[in-house]
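Q: Line by line, the protein sequences are chains A and B.
Under the working numbering, the first residue of the first sequence carries the number 1, and numbering increases by one thereafter.
Under the working numbering, the first residue of the second sequence carries the number 1, and numbering increases by one thereafter.
The set of hints was computed from the structure by calculation and includes no laboratory data.
Take the hints with a grain of salt, since some may be wrong.
[Unchecked claim] Sample of chain B residues at the chain A side, in silico, Cβ under 7 Å:
#1 N96
#2 P124
#3 I125
#4 N126
[What the hints assert, rightly or not] If you want the footprint, here are the derived chain A segments under chain B, 3+ residues with CB under 8 Å:
#5 108 to 119
#6 165 to 172
#7 247 to 256
Quick reminder that beta carbons are idealized off the backbone N, C-alpha and C, glycines included.
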Amino acid sequence: MEAKKVKLFLAMGVLLFSFSYDKLLGWRLPTHFPKPIYNFSSNVYSEAKVTLGRALFYDPILSLDNSISCASCHSSYNAFAHTDHALSHGIFDSVGTRNAPALFNLAWQKLFMWDGAVNHIDVQALAPLTHASEMGETLQNVLQKLGRTKLYPNLFYRAFGDSLINTERMLKSLSQFQLSLISAQSKYDRVKLNLDTFTSQEKRGYQLYTKYCQHCHTEPLFSTYQFKQNFLPLDSSLLDYGRGSITHNKQDTFTFKIPSLRNLSYTYPYMHDGRFLNISQVLTHYQNVEMLDRLSSTKPDLIAFLLTLNDSSFVFNPQFKYPREIFMWREGFNK
Amino acid sequence: MKQVLSFLFVLYWTFTLAQTQTFSIRFEPTYAAKPVVLNNLYILPNGNDSFQINLLKFYVSNIALVQTDSIVFTNPNFYLVDAQNRLSIYFDIPENIQFNALELLIGIDSTIQENSPLSGDLDPINGMYWTWQSGYIHYKLEGKCSACLNNNKQFTFHIGGYQGIDATQYKLSFNLPTNHLSAQLSFDVFAFLPNMDVAKECKLMLPGAKAKLYAQEIKKSWKLKK
Numbered sequence: 001m002e003a004k005k006v007k008l009f010l011a012m013g014v015l016l017f018s019f020s021y022d023k024l025l026g027w028r029l030p031t032h033f034p035k036p037i038y039n040f041s042s043n044v045y046s047e048a049k050v051t052l053g054r055a056l057f058y059d060p061i062l063s064l065d066n067s068i069s070c071a072s073c074h075s076s077y078n079a080f081a082h083t084d085h086a087l088s089h090g091i092f093d094s095v096g097t098r099n100a101p102a103l104f105n106l107a108w109q110k111l112f113m114w115d116g117a118v119n120h121i122d123v124q125a126l127a128p129l130t131h132a133s134e135m136g137e138t139l140q141n142v143l144q145k146l147g148r149t150k151l152y153p154n155l156f157y158r159a160f161g162d163s164l165i166n167t168e169r170m171l172k173s174l175s176q177f178q179l180s181l182i183s184a185q186s187k188y189d190r191v192k193l194n195l196d197t198f199t200s201q202e203k204r205g206y207q208l209y210t211k212y213c214q215h216c217h218t219e220p221l222f223s224t225y226q227f228k229q230n231f232l233p234l235d236s237s238l239l240d241y242g243r244g245s246i247t248h249n250k251q252d253t254f255t256f257k258i259p260s261l262r263n264l265s266y267t268y269p270y271m272h273d274g275r276f277l278n279i280s281q282v283l284t285h286y287q288n289v290e291m292l293d294r295l296s297s298t299k300p301d302l303i304a305f306l307l308t309l310n311d312s313s314f315v316f317n318p319q320f321k322y323p324r325e326i327f328m329w330r331e332g333f334n335k
Numbered sequence: 001m002k003q004v005l006s007f008l009f010v011l012y013w014t015f016t017l018a019q020t021q022t023f024s025i026r027f028e029p030t031y032a033a034k035p036v037v038l039n040n041l042y043i044l045p046n047g048n049d050s051f052q053i054n055l056l057k058f059y060v061s062n063i064a065l066v067q068t069d070s071i072v073f074t075n076p077n078f079y080l081v082d083a084q085n086r087l088s089i090y091f092d093i094p095e096n097i098q099f100n101a102l103e104l105l106i107g108i109d110s111t112i113q114e115n116s117p118l119s120g121d122l123d124p125i126n127g128m129y130w131t132w133q134s135g136y137i138h139y140k141l142e143g144k145c146s147a148c149l150n151n152n153k154q155f156t157f158h159i160g161g162y163q164g165i166d167a168t169q170y171k172l173s174f175n176l177p178t179n180h181l182s183a184q185l186s187f188d189v190f191a192f193l194p195n196m197d198v199a200k201e202c203k204l205m206l207p208g209a210k211a212k213l214y215a216q217e218i219k220k221s222w223k224l225k226k
């Protein structure tokens, strides 16, 4: 009798736990995805850290003139890419040299940036923070500014048990928010989980994808996240050598990180320099370099399939948007 | 009986395992075989130009004590040595070990580079982290030199790069008198000077062949002072 009760209690506990894990932590491994690369044991996932990370991500306090936040270049409505400009714009209206990539499924990536210059997501934020033409700040100054607010000591306290603000905590919280950006609910995903079916055109597109694209843009993440060349003509004004300028290995010259094909409808323009405005232009490029056939049905069929990779529930997820409720709370403080 | 045994155990424990002693390493940066003092004026080999060093910092890690080829003690810590205020480092070692050599790495190895705790001496706030391309600067030397052609006559040598052909971290080993508890290590801060045109190359801030060459020249200059 006693034992039975305990078992029942345990079973309920497990149920409750899996439910809350689902809902609160958000970091649920989609069942059809591989194991993540990110080591969560060195940065234990928690809702409070995600909240802190989300506030930091949307707060222009991270930039020198308090004008630019991470979200200025990585907008939730564009799957955290940037669509107004081919090349990113930073403080004092300066123009960078590359297109801001979409941010999702980052836990499955080992190297970051188009050329893999960044070796861990926890240190990624240091690059835009201190880049003269992005946010133009110093780490010291950012931490001091955060410490002077009423909001952040509180958010750090909630996340870490005391209000100490330091590099490690700031960076790992930013990572936590970004790691929570999982896109796994497109039509394609529903088909994989037997919850939906492809139209016959989407099926033909899937076959084309499997033949021509799959080995670089591999399912289910739609990238191997390796560095490869897709034979874009060199832009002589940018002279971007890609991964080659990081490794100094000849075979890496002009290779770039393979981007995911998920959410393409939201992440235009395409490629590291944003040179293509729509998917049709991308496919024309692949046809020009003979990586795709030129049958008249190819483009419409393949595009039909690519559109099944759009994940609107990710792009419009209220948990990923500008955290108005957190910043309203701050305004309350300042009064 | 039980009490006596546990008493003996505690005794054994305090006298063997718990007994530690302190090992110290003193770093002595030199130029032209003389110790460097920050902000002092020195003359370049060309006899005309002068320079002063305002900042010198470098990382030391993977410290180990060795008894004829087998490691008897490893120190997991990372030390940011700073000519301003930290030229000596101290750490505890067990009393009951025998050693006759010291090993250390100048720089940070690649596993830590890719999984840094981001705190303590490895906190990027120390100004030893490259942000646009991940990795620690292993060796940072800054100052002024009348030969430099830039406006402020400043030189900036940030030597780093940790992976593949660009790796600049290097291992040193020195024989010590048996169980000797200290080591004084000197090196030439500008050992790479003969390999460069000072006026043109007052700045190096990225990994690559040049950083690698400079690191190797400094490596050759390390000596254990007797």
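Q: Indicate, hint by hint, whether the structure satisfies it.
A: We went through each hint and held it up to the structure:
1. Contact between N96 (chain B) and chain A, as hinted, is not supported at the beta carbon level, the nearest pair being about 34 Å apart and thus beyond 7 Å.
2. Look at P124 (chain B): its Cβ gets to within about 6 Å of chain A, closer than 7 Å, so that hint holds up.
3. Hint status for I125 (chain B): holds, given a least beta-carbon distance of 5 Å to chain A, under 7 Å.
4. For N126 (chain B), the interface hint is violated, since its Cβ never comes within 7 Å of a Cβ in chain A; the closest pair sits about 9 Å apart.
5. Counting residues of the region 108 to 119 of chain A whose beta-carbon sits less than 8 Å from any beta-carbon of chain B gives 3, enough to reach three: the coverage restraint holds.
6. Counting residues of the region 165 to 172 of chain A whose CB falls under 8 Å from any CB of chain B gives 5; the rule of at least 3 is met.
7. Evaluation of the coverage hint for the region 247 to 256 of chain A: fulfilled, as 3 residues show C-beta separations to chain B shorter than 8 Å, against a requirement of three.
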